[in-house]
Structures are given as C-alpha cells and as structure tokens.
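Number of protein chains: 6
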Amino acid sequence: MFYKFIQTIDRFRPFLKAKAHCDVPCGIYDPITAQINALTAVRMMDLMNGLAEGDEKSRVDFHNSISRYIAVKEEHAEKAKHEIRVIWGDFIKDAHVEKYPELPALVHKIMQFGSKSRQTADRDAGLAFVDAINQFAEIFWAIKDIKIKRAKAPYAPALEMVYPDL
Amino acid sequence: MFYKFIQTIDRFRPFLKAKAHCDVPCGIYDPITAQINALTAVRMMDLMNGLAEGDEKSRVDFHNSISRYIAVKEEHAEKAKHEIRVIWGDFIKDAHVEKYPELPALVHKIMQFGSKSRQTADRDAGLAFVDAINQFAEIFWAIKDIKIKRAKAPYAPALEMVYPDL
Amino acid sequence: MFYKFIQTIDRFRPFLKAKAHCDVPCGIYDPITAQINALTAVRMMDLMNGLAEGDEKSRVDFHNSISRYIAVKEEHAEKAKHEIRVIWGDFIKDAHVEKYPELPALVHKIMQFGSKSRQTADRDAGLAFVDAINQFAEIFWAIKDIKIKRAKAPYAPALEMVYPDL
Amino acid sequence: MFYKFIQTIDRFRPFLKAKAHCDVPCGIYDPITAQINALTAVRMMDLMNGLAEGDEKSRVDFHNSISRYIAVKEEHAEKAKHEIRVIWGDFIKDAHVEKYPELPALVHKIMQFGSKSRQTADRDAGLAFVDAINQFAEIFWAIKDIKIKRAKAPYAPALEMVYPDL
Amino acid sequence: MFYKFIQTIDRFRPFLKAKAHCDVPCGIYDPITAQINALTAVRMMDLMNGLAEGDEKSRVDFHNSISRYIAVKEEHAEKAKHEIRVIWGDFIKDAHVEKYPELPALVHKIMQFGSKSRQTADRDAGLAFVDAINQFAEIFWAIKDIKIKRAKAPYAPALEMVYPDL
Amino acid sequence: MFYKFIQTIDRFRPFLKAKAHCDVPCGIYDPITAQINALTAVRMMDLMNGLAEGDEKSRVDFHNSISRYIAVKEEHAEKAKHEIRVIWGDFIKDAHVEKYPELPALVHKIMQFGSKSRQTADRDAGLAFVDAINQFAEIFWAIKDIKIKRAKAPYAPALEMVYPDL
Numbered sequence: 010m011f012y013k014f015i016q017t018i019d020r021f022r023p024f025l026k027a028k029a030h031c032d033v034p035c036g037i038y039d040p041i042t043a044q045i046n047a048l049t050a051v052r053m054m055d056l057m058n059g060l061a062e063g064d065e066k067s068r069v070d071f072h073n074s075i076s077r078y079i080a081v082k083e084e085h086a087e088k089a090k091h092e093i094r095v096i097w098g099d100f101i102k103d104a105h106v107e108k109y110p111e112l113p114a115l116v117h118k119i120m121q122f123g124s125k126s127r128q129t130a131d132r133d134a135g136l137a138f139v140d141a142i143n144q145f146a147e148i149f150w151a152i153k154d155i156k157i158k159r160a161k162a163p164y165a166p167a168l169e170m171v172y173p174d175l
Numbered sequence: 010m011f012y013k014f015i016q017t018i019d020r021f022r023p024f025l026k027a028k029a030h031c032d033v034p035c036g037i038y039d040p041i042t043a044q045i046n047a048l049t050a051v052r053m054m055d056l057m058n059g060l061a062e063g064d065e066k067s068r069v070d071f072h073n074s075i076s077r078y079i080a081v082k083e084e085h086a087e088k089a090k091h092e093i094r095v096i097w098g099d100f101i102k103d104a105h106v107e108k109y110p111e112l113p114a115l116v117h118k119i120m121q122f123g124s125k126s127r128q129t130a131d132r133d134a135g136l137a138f139v140d141a142i143n144q145f146a147e148i149f150w151a152i153k154d155i156k157i158k159r160a161k162a163p164y165a166p167a168l169e170m171v172y173p174d175l
Numbered sequence: 010m011f012y013k014f015i016q017t018i019d020r021f022r023p024f025l026k027a028k029a030h031c032d033v034p035c036g037i038y039d040p041i042t043a044q045i046n047a048l049t050a051v052r053m054m055d056l057m058n059g060l061a062e063g064d065e066k067s068r069v070d071f072h073n074s075i076s077r078y079i080a081v082k083e084e085h086a087e088k089a090k091h092e093i094r095v096i097w098g099d100f101i102k103d104a105h106v107e108k109y110p111e112l113p114a115l116v117h118k119i120m121q122f123g124s125k126s127r128q129t130a131d132r133d134a135g136l137a138f139v140d141a142i143n144q145f146a147e148i149f150w151a152i153k154d155i156k157i158k159r160a161k162a163p164y165a166p167a168l169e170m171v172y173p174d175l
Numbered sequence: 010m011f012y013k014f015i016q017t018i019d020r021f022r023p024f025l026k027a028k029a030h031c032d033v034p035c036g037i038y039d040p041i042t043a044q045i046n047a048l049t050a051v052r053m054m055d056l057m058n059g060l061a062e063g064d065e066k067s068r069v070d071f072h073n074s075i076s077r078y079i080a081v082k083e084e085h086a087e088k089a090k091h092e093i094r095v096i097w098g099d100f101i102k103d104a105h106v107e108k109y110p111e112l113p114a115l116v117h118k119i120m121q122f123g124s125k126s127r128q129t130a131d132r133d134a135g136l137a138f139v140d141a142i143n144q145f146a147e148i149f150w151a152i153k154d155i156k157i158k159r160a161k162a163p164y165a166p167a168l169e170m171v172y173p174d175l
Numbered sequence: 010m011f012y013k014f015i016q017t018i019d020r021f022r023p024f025l026k027a028k029a030h031c032d033v034p035c036g037i038y039d040p041i042t043a044q045i046n047a048l049t050a051v052r053m054m055d056l057m058n059g060l061a062e063g064d065e066k067s068r069v070d071f072h073n074s075i076s077r078y079i080a081v082k083e084e085h086a087e088k089a090k091h092e093i094r095v096i097w098g099d100f101i102k103d104a105h106v107e108k109y110p111e112l113p114a115l116v117h118k119i120m121q122f123g124s125k126s127r128q129t130a131d132r133d134a135g136l137a138f139v140d141a142i143n144q145f146a147e148i149f150w151a152i153k154d155i156k157i158k159r160a161k162a163p164y165a166p167a168l169e170m171v172y173p174d175l
Numbered sequence: 010m011f012y013k014f015i016q017t018i019d020r021f022r023p024f025l026k027a028k029a030h031c032d033v034p035c036g037i038y039d040p041i042t043a044q045i046n047a048l049t050a051v052r053m054m055d056l057m058n059g060l061a062e063g064d065e066k067s068r069v070d071f072h073n074s075i076s077r078y079i080a081v082k083e084e085h086a087e088k089a090k091h092e093i094r095v096i097w098g099d100f101i102k103d104a105h106v107e108k109y110p111e112l113p114a115l116v117h118k119i120m121q122f123g124s125k126s127r128q129t130a131d132r133d134a135g136l137a138f139v140d141a142i143n144q145f146a147e148i149f150w151a152i153k154d155i156k157i158k159r160a161k162a163p164y165a166p167a168l169e170m171v172y173p174d175l
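Chains as they are written, first to last, in my numbering: chain A, 10 to 175; chain B, 10 to 175; chain C, 10 to 175; chain D, 10 to 175; chain E, 10 to 175; chain F, 10 to 175.
Don't read these hints as lab results, they were simulated from the structure.
Chain copies aren't distinguished; within one or between two, either way the pair holds.
Distance condition first, Cα-Cα at most 30 Å in a straight line; then the derived DSSO-like pairs of lysine-lysine: (1) Lys102 <-> Lys66; (2) Lys161 <-> Lys88; (3) Lys156 <-> Lys102; (4) Lys108 <-> Lys153.
The model shown is predicted, which means the values in this text are computed figures rather than measured ones.
So here's chain A without its partners, still in its complex pose (with noise of 0.2 Å):
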C-alpha cells in the first residue's frame, strides 16, 4: 500500500543529503522562542485560575480578562508548536534522528501537550509542554556541541528552563 512512499525517499536522497551537508539557506534556529512562548501559556493559565477564584469582579471586567489570557494562551502555545515544527522540520535531518531516536516521539509529545495547553487550564498540561521543549532544547544544543545551564527563567512562572552556556 504505502510501497510509494519508499521510491519517494529514494528518489529524494540526493537533495536531502545535500542539504543535511549544507543548511544554507537557513535562519537563524533557536528553541528559546518555542520555550518563552510555552512559558507563556502557563503564566496565562494561573491568571485565569487566580481569575476565578479571585475576588469577585465586574462582569464585564472578568469577561475582558479572561478572553484576553485564553486568547494569550491560545496564541502563544500555538507559536511555541509552530517553532518547534520549523526547526524539527528544518535543522533535524535523518542523522539526527538516528542519533536521538526518541526525537519523533518527543516531537509529537510537544504537539499533544500544546494541544492539551490550549484546551485547557490545567497546568500540569501546562507543564508538561514546558518540559517537553526543554527536553527539545538540550537535544537542539547537544546537536549544535554547546554546553546547556539550566536556570530559573526571570520571570513569572519562573519555571526552571534549559539555557546554552554562552
């Protein structure tokens, strides 16, 4: 049935090995953004639970809020999906993934856990799409041979991140 598929990669070997050789014409990859951006997504989960079991506010003052940080949310968990795509799907070759062999699972874990972070506001969802790009981070780092730290990031939810040692 997906017999295709296999003349396909073969077919294709030539230009995809080329370019594992030679990234050009890359951008710039850096999962700092993927993880700001699902740091985000937590901090907007606890203002929307602070929001409900806070004191009791305006209507319309509660209805403003609480669009604003799940629309937050929904966006920036987005984004951090959308980041980790481009560089899984534009720095990651086949050598790589031989190398990290949990690397598709981790992929699709990030994804999952993103979906779940927009669904939701449950934080340990939130969490989890957190960890999971840190995990992303110290693969991406490795690849690249620099050092990680981790630290507190300098900001609420202040959640321990993955940084390259510079």
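Dock chains B, C, D, E and F against chain A, hints included.
Below, chains B, C, D, E and F alone, put in the same frame as chain A:
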C-alpha cells in the same frame, strides 16, 4: 540525560489516553486542504519556470509576476505543512503510530519536501511534496475506515490525487 | 451621478475581456475550502450549544472551551467568506454572471449568512451558510463542465455536501 | 437545479430582514480605509515604474526595493478589496441594492480591478481601482445621508478622492 | 555604560539625515486609520457595557457577543497602536521631535492608553486613547502644513475628531 | 494648541500610576525575541549580498532565493520593532524614563534602524539595529535588577549580544 522525558510521558499518560478515546473538542480534519496547497506550490513552480523561459516581458512585469508566484508558493507550501502538523498533532494518537509505524518518518519527510519546495522551484521537490501528502491522506482515510480513490485534480497541474470515495 | 462608472467600465473592457479568455496567472480555485470552513462553523455552533446545555464544568474550563469555539467559528466563517470572494472576484467573469444571473445575489447572501454565523450560534444560520456555499459550488463545477455528486461530509456535522464527481 | 436557493432565501428572510433594521452588532464602516489602500497600490506602481526606469542601482538594492514595492502593493490592494467586501456584506442590505442597482456590478468590478492591480504595475488598472472605490464611497455616504466633497489626497499620488463633508 | 549608543548615533547620522530629506521609499501616512481604530475600541466598550447591563440573553448568545466585542476591541486597539508606531518610526524625524518636543511622551501615552483600552472596558481609557491620537493627528497635519478641522465622526460613538481640512 | 494633552495626562495619572505598581495582567517580557529577530535581519543581508556576488545561478533560483531573503528580512525586522514597542509601551513606565532619559530617543532609533534594515541590505544599518536593541536589553535587565553578560550569538552572524546572566 533524558530520563525526565520518560517520567513526563508516564505522568501524562492518563490524560493523553483519555483524549485518544474522546477527541472532543475536535475540529474537522481533512487532508484535502494540505493537498490543494501542495498542488498550488507545484503550479507556482510551473508558472515560474514558464515565465523565465517565456517571451521577454517588461522588467517591471517580470518582477511583479515572479515575486507573486514565489510569495504564493511560500504561503501555500507553508500552509500545507501547517495543516499536516495539525492533523498529526491533534488527530493522530499513539495507537495510530503503532499501527502505521511509517508515520513519523513520513511527516518528517513532508516537512522536508515542503521546505525544499519553498527553497527552490525544483518541480521534483514539489511532486515529492504532493506525493508524500497523498500518502498521508491515504493513511488518514484508512484510520477513519473510509475508502479512497485516485483521480486527477480538476485543475492544473492535474496531478493524481488521493480522495475519499464518498 | 455615476456616469463615470460607465466610462470606467468602457475604458477597461479591453483588458478585462482579455483576462476572461486567459486566466493566467490563475491560482487553483476550489470551493471545497469554503465548504469545509462553513461546515466547521456549524460544528462549533453544535459544540457551543452542547456546552451550554451540558453538565456543569468548572468556570475556567467553561470559559476556555466556549471562547475557543467562538474564535474557531469566527475564523472559519471568515475564511469561508474570503474564499468565495476570491473565486467570485478572480474566476467568475461577466460572461458567467450573464449565464448564471443569480450569482451576485447568491454571493451577497453568502456574505450575509457568514456574518450571521459569526454573530450568533444559530444553527439555522449556519445551515443556510453551508447551503448557499454548496449552491455556489454547484455553479462553479458547472462552469468547469465537471459533474457533481452529493454526499454526506465524512465528519460531524455530516451535512450533505456538493462534491465534484472525479 | 437551483430551486433550493429560492427556498433558502425564503426560509431566512425573517432574520435577514430583522438584521436590516437593527444593525447591532455593527462595527464602524468607513470606505476611507479602502480608498487609502487603493491609493497606496497606485503609489507603489509609480515607485516600481520609477525604479525600473531610473538610474542604475546595485543588484541587491534594486531587488530589495522592487520586492518591497510589490509586496506592499499586494497587501494594500488585498486590504482594499477586503474592506469593500466587509462593507458590502455587512452594511449593504437588499433595500440598498434595490435603490442602487449598479452596486453588485460595481463591487464585482472593484474585485477585478483589485486583482488587476495586484497582477500588474499598470497604472490605468490602479486608477480604475481607486475610481471604482470612490464611486462605492459616494453611494455609501449617500445611503448614510452625508454629503460628499471631492479633494485631492494630501499625499502622492494626490488623486482626487471622495470624502464625507463633515 | 551607554557610551556605545552615542557612537552608534554618530556613526549613522549621515544616512539618517539623508533619509530625513528624502523620504522615498515612503508609504502613504495618514493618522485616520489609527483614529478609526481607536474609535472602534470605544464603540466596542459601549457594546460590552450595554450587553452586560441589557436584557438577559441566552448564555450562548451572551458569550458569543461579548467574546466578539472583546476580540474586535483587541484587534482595533492594537492596530491603532501599530499605525502610530509606523508613522512615528518612519515619518517623524529628529527635526520634528525638536519642533514638537512633546511627541515622545505623547507616543508613549498612546501606547499606554492603547494597552489600557485592551485590558479594560473603561470608557475613560478609550476616550483618552482617541484624544491622544487626535493630538498626534494634529501635530502630523501641522508638520505637513495642512490645516485641520474638528468634526464629530459620522458613526457611533460620534466623538469629536481631528480631520485635515482638504 | 496642545493644552488638552496636559489635561489628558492629569486626568489619567491615577490609573496609569496604579498600573505602574501592579503590572498584572502582564505578559512575559524578554528582549531576546527582538534581539534574535534583528540578528536574523543581518543574516539575511549577508545571504543577499553573498547571492549577488556569488556564482551565477539559474534565473529562477536567483529570484526564488533573493525574494525569500528579502521577505524573511522584512518579517523579522518588523517583528523586532514590534517586540520593542510592546516592551516599551507595556513594561516601561514613566519612572523608568526618568531614570533612563535616553530611552525615548533609543526606542525611536530602533524604529529608524529597523526601517533602514528593511529598506536596504546595508549591513551597517543592520548592525546598528542589533546594537541599539542590545542597548535596550541592557536597560531592560538593569530595570529588573538582573546582571547581564556579553557573548557571541551561537549562530551566524555570531554578533556579540547582551544576555541576562542567570
């Protein structure tokens, strides 16, 4: 080094499994959007190559046309990649990956062929992009237990496409 | 008062006619994108009404879900209107309007049903939106001399749709 | 073949009529946005033609400038079309079409001139685009019982525009 | 600590000055776009407050309307800020700031009133936003040596606006 | 002429001050996004200049590459400007401007260097853009009482950047 990933997956297995059985709040997934977008990328390649080889036009007209073809190619190839990412991240579950183990590599190839289709006007790259998305569509409809048929698209470049047989 | 308009049309008849016979640089026109987007608007209405009538959820979860359904409904209804406008503005020529004189009113209705589908969760408005776009699709495929068939969409809300019979 | 359309219109007449008398939730409609955007398209044509005929620039500078003019032209012509579509779909009711029967053809022409303005750097197409939108503005302000005046736009290309006489 | 900034400014004075005398490639700058967008934000506040105080509607209808008003308010307040940033960054030169030294603080206030207009439905914040943008418009037209007039906007909320007297 | 502005500022001092002490609902502000975007603009300049001076490529390939570099440069320079505007409008308060009186001129320069980086492929303009944003980052982190360090970016063009020392 990646021990935390295993923990993460274990910690979130419950709600991910729950989601697999109950895909509310789902959108409407249909690979045809990605297929049409990839087809459009090939169409733009044909227009680009035709323009470069065709009768001389004024300098301004040439630039206006080629810039627009490139921009349309960019936008549609990107949209095709985005649509596949959404279906893969939101519709495809671990159980599907177990049944169709070629899925992770296929999705990775789609991203790579999509990038190649943006980076060049190489028609073979565009054909591989369409081909890989058609294979994804085939798996998608198989998961939904809907038979497929193959037919030429009713517009240039009239490539053979996978359609659900409704 | 509008005498200038007549002049304008006369002045531009030559190049507009030329365009009617040669639709390069055309994109790929397919009403299926509008049809799927309108269907998604109805799906979101169903989810909204189901949520409001369903079991009580936490305040945050309710808001998160309903905001997302509304936003998805907005986006897809708008996208459906946009797609019809593109086909109508770029593909439909004066000769088609002469042959199908109901077209201008039909397109106007699509815009109005689309707005109604954004302004409410009134399922009848959504159904009329889908219905009018299906009628547009029927004319579109007739112009292209391609037979149509009717079949239920392979996803909720499974409305009867117009498809080309390829 | 299209009998269903008549039914649809009949079925939805009640709420459409209701809407015609009560345009809440209305936005703020003003054709000036479309007019400025169409004017910008003409301005970009002038810059494009000036660049192609002007003193030789470096290859990179030439490409940078012409690509940006084309992209700005695309974006603004599209925005002008979008704005007219919004006013036409949301503000213009059947009663207005009865009073100004030229409206459907005028809106169709605006879409066609807009596309022509995107597909070429033909200044006549741009002028027709601006002209047709000015005529639309004239009808719009007449519907709102607000007198108009004509004046040159206070920026290049300084075409004569229709403004409300406030 | 910031000594490098002085160097930077000195280093780039030549081309910045050149640009001040020759604003090709300029777009078409007109504060009316920002003014209409800010007015729309106030309109949405009025609709939000009216909805919250008005007759009871169904739960779904209430949510659909208030979410849309908030989203429209967000989009238009953001667009107003963006338009001012563009005029300020691309049209306003150092010489203008010397002549109108209140400009930097005024632009900063516009951004803050714009954010306040997004974060609340506080009509006073919206009025201040419109007011500050009208003041910006007044300076803008003064720079271009075009007289202004004040008139009520021809749509709700019908605030007094600054218009060029063409 | 601008007496109303003083009134406006006075009238709104209360809530603006309140906001300065309580920055809920804040997002997560981090200048790194602007820094990476500005760096990307320089990278695109390098690719553009390299392409123009490099070995001859086919006409279509040359256009495809240069158009994409220009579009990426546009998008990222714009994004950098947008990010700085957000931090400046939402995070920077009057008290910060009093402490760092160079801020308004610095932000204005960032906008101008950003426009210059869009209008040309002049690497010096790009360097000034990155430099000014680094200076903004330095002030930003000083306001947050977080020490900075300088290090080369871990990707081409490997310029020296300001990073928080976490």
